[in-house]
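Asks: Chains as they are written, first to last, in the working numbering: chain C, 1 to 373; chain U, 374 to 900.
For the record, the hints were derived by calculation from the structure and aren't laboratory data.
Since this is a predicted model, take the numbers as computed values, not measurements.
No residue lacks a Cβ here, since even glycine has one placed at the ideal position from N, Cα and C.
A couple of the hints might just be wrong.
Pairs of lysine to any residue residues, derived as SDA-like cross-links and limited to a Cα-Cα distance of at most 25 Å, are as follows [what the hints assert, rightly or not]:
{"no.": "1", "chain 1": "C", "residue 1": "K9", "chain 2": "U", "residue 2": "G822"}
{"no.": "2", "chain 1": "C", "residue 1": "K371", "chain 2": "C", "residue 2": "F330"}
{"no.": "3", "chain 1": "U", "residue 1": "K630", "chain 2": "U", "residue 2": "N502"}
{"no.": "4", "chain 1": "U", "residue 1": "K667", "chain 2": "U", "residue 2": "K614"}
{"no.": "5", "chain 1": "U", "residue 1": "K408", "chain 2": "C", "residue 2": "S45"}
{"no.": "6", "chain 1": "U", "residue 1": "K780", "chain 2": "C", "residue 2": "N12"}
{"no.": "7", "chain 1": "C", "residue 1": "K23", "chain 2": "U", "residue 2": "H839"}
{"no.": "8", "chain 1": "C", "residue 1": "K21", "chain 2": "U", "residue 2": "G845"}
{"no.": "9", "chain 1": "C", "residue 1": "K9", "chain 2": "U", "residue 2": "K796"}
{"no.": "10", "chain 1": "U", "residue 1": "K772", "chain 2": "U", "residue 2": "R821"}
{"no.": "11", "chain 1": "C", "residue 1": "K15", "chain 2": "U", "residue 2": "Y510"}
{"no.": "12", "chain 1": "U", "residue 1": "K513", "chain 2": "U", "residue 2": "N631"}
{"no.": "13", "chain 1": "C", "residue 1": "K9", "chain 2": "U", "residue 2": "N502"}
{"no.": "14", "chain 1": "C", "residue 1": "K23", "chain 2": "U", "residue 2": "K630"}
{"no.": "15", "chain 1": "U", "residue 1": "K849", "chain 2": "C", "residue 2": "Q16"}
{"no.": "16", "chain 1": "C", "residue 1": "K23", "chain 2": "C", "residue 2": "L118"}
{"no.": "17", "chain 1": "U", "residue 1": "K796", "chain 2": "C", "residue 2": "P76"}
{"no.": "18", "chain 1": "C", "residue 1": "K15", "chain 2": "U", "residue 2": "D406"}
{"no.": "19", "chain 1": "C", "residue 1": "K358", "chain 2": "C", "residue 2": "D285"}
{"no.": "20", "chain 1": "U", "residue 1": "K614", "chain 2": "U", "residue 2": "G822"}
{"no.": "21", "chain 1": "U", "residue 1": "K796", "chain 2": "C", "residue 2": "K23"}
{"no.": "22", "chain 1": "U", "residue 1": "K495", "chain 2": "U", "residue 2": "K614"}
{"no.": "23", "chain 1": "U", "residue 1": "K513", "chain 2": "C", "residue 2": "N345"}
Stretch by stretch, here's where chain C covers chain U in the computed footprint (C-beta under 8 Å, at least three residues) [to be verified]:
{"no.": "24", "segment": "391–401"}
{"no.": "25", "segment": "480–492"}
{"no.": "26", "segment": "523–529"}
{"no.": "27", "segment": "624–633"}
{"no.": "28", "segment": "767–776"}
{"no.": "29", "segment": "788–795"}
Label pairs and their computed distance ranges (CB to CB) [what the hints assert, rightly or not]:
{"no.": "30", "chain 1": "U", "residue 1": "M729", "chain 2": "C", "residue 2": "P76", "range": "31 to 39 Å"}
{"no.": "31", "chain 1": "U", "residue 1": "V860", "chain 2": "C", "residue 2": "K28", "range": "27 to 35 Å"}
{"no.": "32", "chain 1": "C", "residue 1": "P76", "chain 2": "U", "residue 2": "G822", "range": "32 to 40 Å"}
{"no.": "33", "chain 1": "C", "residue 1": "K157", "chain 2": "U", "residue 2": "R391", "range": "43 to 51 Å"}
{"no.": "34", "chain 1": "C", "residue 1": "G74", "chain 2": "U", "residue 2": "D731", "range": "52 to 60 Å"}
{"no.": "35", "chain 1": "C", "residue 1": "E52", "chain 2": "U", "residue 2": "R821", "range": "26 to 34 Å"}
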Amino acid sequence: MARIHSIDKDLNRFKQIVRGKVKEDLKKYITKGEMIGRKGKDKISIPIPQIEIPKFRFGQQEQNGVGQGDGEVGDPVGEGQEQEGQGGQGEAGNKPGEHELEVDLTLEELAEIMGEELQLPNIEPKGTDKIRYTVDKYRGIRRVGPESLRHFKRTYKEALRRQISLGGYNPDKPCIIPVREDKRYRSWKTIPEPQYNAVIIYIMDVSGSMGDEQKEMVRIESFWIDTWLTSQYKGIESRYIIHDATAREVDRETFFKTKESGGTVISTAYEEALEILGKDYPLEDWNIYIFQFSDGDNWSADDTEKCIDILQGQLLPMANLFGYGQVRSFFGSGQYIGDLQKNLNEVENLVLSEIPDKEAIYGSIRDFLGKGK
Amino acid sequence: MLTPSLEKLRAEIEGYARDYGLDFFPTIFEMIDYKMISEIAAYGGFPTRYPHWRFGMEFDGLNKGFIYGGSRIYEMVINNDPCYAYLLTSNPEFDQKTVIAHVFAHCDFFKNNMWFAATNRKMMDEMANHSARIRRYIDKYGIDVVEDFLDVALSLENLIDPYEAVTMPKKVNQQTEEEKEEESKQTKNNENNAGQKKDVPKLKVEKKYMERYINPDEFVDKQKEKVEVEKKIEEERFPPKPVRDVLSFLIEHAPLKNWQRDVLSIVQEEAYYMAPQWMTKILNEGWATYWHSKIMTQKAMTDSELIGYAEHHSGVVATGGGGLNPYKIGLELLRDIENRWDKGRFGREYDECDSMYDKHNWDKKLGLGREKIFEIRKHYNDITFIDEFLTAEFCDEHKLFTFGYNKPRNRWEIMSKEFEDIKQQLLSNLTNAGNPFIYVVEANYMNRGELMLQHKFEGVELRMDHAKATLGNLQKVWDRPVNLLTVAGEKPVILRYDGNHWSQQELAISKEDQEAIDENNKADQRP
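Kindly generate the complete structure, drawing on both the sequences and the hints.
Replies: Printed below as a string of structure tokens:
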């Protein structure tokens, strides 16, 4: 019988179509962040409606059926009964019923789709001459070395060549014995590879005016920012700062769970950020990203002035990108974004974005990441 | 290729199978591992198929089901001469024995059941041929063009008449011009003869002398008139009678390019080939399970294998959450029939017997059971099988019920445990392999060359999003606008697609008809 047919092409074609669907519906997925399930470190799974070939067929809910088992009239039965006579093709036994398709994507693939759909330019990392790490590549051959690195083929070839030229080779009874001069060994070269690193600092206002819904939007948006930046940089670190009237660094969990209540003094967060950056992330080696989310209600105009000073003098010069996303809440005045707009109008690496609701997340991501910084 | 020990097993099991009277083409077993089995299954068991993403999708789903869900494909058998079957390398020996026995029974079914008599027994080669043709078109016209058309063609693949598949699979392309002319001459002759023989429909009359009272002359005259008018309409209408084999109709009459016509006929041929399998799933699986069980328990199994076998077998016939397992139902019904025919529990005398006690103890020791089930495997399909042999006692014993969707409560529920309801529901689900009846009724609708299809409504509406998309595909084939007469939201409508816009138009219903519909609906609602 003919050998087994390779299914890779058809599978890839299917995956392509799935990716097309995900791209099509990307906006929906970005808005409804919870649809995405995390599968281990690098994978996510997205439920997508079954990609089917349309046919004239009965509506599911219309179709009654026959079942087997205990129960009385009126008792509930399991979902999606296996209907007789329906089904795809093939003679496989125990076919699963109709189910929603869950597709696994790696974060990288997701980032690719994102990039394509949102038309995000690839990031040009800040040039750095500093070599971060080295890599050994086994590409060369040399005549001496440890036995564990011997190169069989080359050795054999050398021996063969020698024997033929000396006349000691008998094609009817080939017997190749290498001598020391014939021996060849693999050797390596140490190649320095520049490594671009990025650090993301997330700042969130957790004063009383930031509710669960607002926090949820921030969570969704930060997921997508993470995904994109991770695909653009080999090494990436994230740090989290929460603040109300004071600021402190926390871990990711706490970042999204905290519910402080109190006034809002944004400058404290900036100062905390400066401290972290100064301590751990020397400017020459790191690409720095800062994303701040708030409802725009700072304590006082004085403090806002202080903030603008810090931004202008220190944070903005060192950052590839500073993104400020303002969510809307009942109590916030929303003043801050206007202040930033007024005073830091022409600054290229500052992006301001308003996020009134979940629908706006999509546009906000595009705003932040669309600059290619 | 089988390992020597498996080859020995195979020969042993084949011996038992043939001793029992099973008759099958030479069977080739292939060993594959779990990674390959999903691949093969995705292709329906054929190693060479045309390239299409549907196979990738099938594979993706099967793979996951197999690895995560414990969904185990036990075997795969191909209707072919020689018969091909696949065995999983990872299965233990008792599993392999059971599967081999199961396979032989399937092969016997394919060979002997009349619904398969006209299938192409060289489908292995034919599939490869199809694949080659389609790849040629891909090379010539590009993968996107061909894939798009395949998507369209596959959308229409269930629009066949399964009975056509059984009588004579059409090979429209291969007819020469002369053959085509001969055929149309012949059809015309047949139609003329039929017209002459057509009887004037009269009201049924028990006794001849009553006729004068029941069918007075003027009534008969009126009827004659009606027939004339109908005949005239038929002659003008194209097609003269509704055509169930929509695919054939399209292949013959749609404005397709030659390669498209070929692709469509490939899809049709493969659909024809598969059709009998959908029509006999219960019987076929029941037959195979019956025999693997018989051969294993009576002949082939060693004591140490008992537990493993029991586990495998119970896995095969398990019922989950109220679903109907075709393996189980087929098996139990066959056993029931064997039992009844052994004991003589059939026929007029038995049916008319009033005493429960007598019925319960009825045993005429006829021993006709084995013979009967062989006969059944030869002549029946799922519908005739259920129709003739499902009994109230069987439904009771096996706790069958009908279920349906309770809209107000938003869940699926058991609807009835009455025999009549169960039988009716089962037959209804099996009809036309679960597909709606769709006919071509007009190819020159509105005198504008529009296509008119009719969904013969029998109580269940179509899935609208799919119906629209399929109409869209039909239009790509027909080129002119296409229409579908169906029922939506409990009202008769005509769906239309002209290449740019979809429209839906309600039909006016006469007052009497509306009253009748309302009456019907009231009767359907249960307290």
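Asks: Each hint: holds or not?
Replies: For each hint, the structure was consulted:
no. : hint                         : in the structure
1   : C/K9 to U/G822               : violated (40 Å)
2   : C/K371 to C/F330             : violated (31 Å)
3   : U/K630 to U/N502             : holds (20 Å)
4   : U/K667 to U/K614             : violated (49 Å)
5   : U/K408 to C/S45              : holds (22 Å)
6   : U/K780 to C/N12              : violated (40 Å)
7   : C/K23 to U/H839              : holds (22 Å)
8   : C/K21 to U/G845              : holds (20 Å)
9   : C/K9 to U/K796               : violated (45 Å)
10  : U/K772 to U/R821             : violated (55 Å)
11  : C/K15 to U/Y510              : holds (23 Å)
12  : U/K513 to U/N631             : holds (13 Å)
13  : C/K9 to U/N502               : holds (19 Å)
14  : C/K23 to U/K630              : violated (33 Å)
15  : U/K849 to C/Q16              : holds (24 Å)
16  : C/K23 to C/L118              : holds (9 Å)
17  : U/K796 to C/P76              : holds (21 Å)
18  : C/K15 to U/D406              : holds (24 Å)
19  : C/K358 to C/D285             : violated (35 Å)
20  : U/K614 to U/G822             : holds (17 Å)
21  : U/K796 to C/K23              : violated (47 Å)
22  : U/K495 to U/K614             : violated (34 Å)
23  : U/K513 to C/N345             : violated (58 Å)
24  : 391–401                      : violated (count 1)
25  : 480–492                      : violated (count 0)
26  : 523–529                      : holds (count 4)
27  : 624–633                      : violated (count 0)
28  : 767–776                      : holds (count 6)
29  : 788–795                      : holds (count 4)
30  : U/M729 to C/P76: 31 to 39 Å  : holds (33 Å)
31  : U/V860 to C/K28: 27 to 35 Å  : holds (32 Å)
32  : C/P76 to U/G822: 32 to 40 Å  : violated (51 Å)
33  : C/K157 to U/R391: 43 to 51 Å : violated (60 Å)
34  : C/G74 to U/D731: 52 to 60 Å  : violated (35 Å)
35  : C/E52 to U/R821: 26 to 34 Å  : holds (32 Å)
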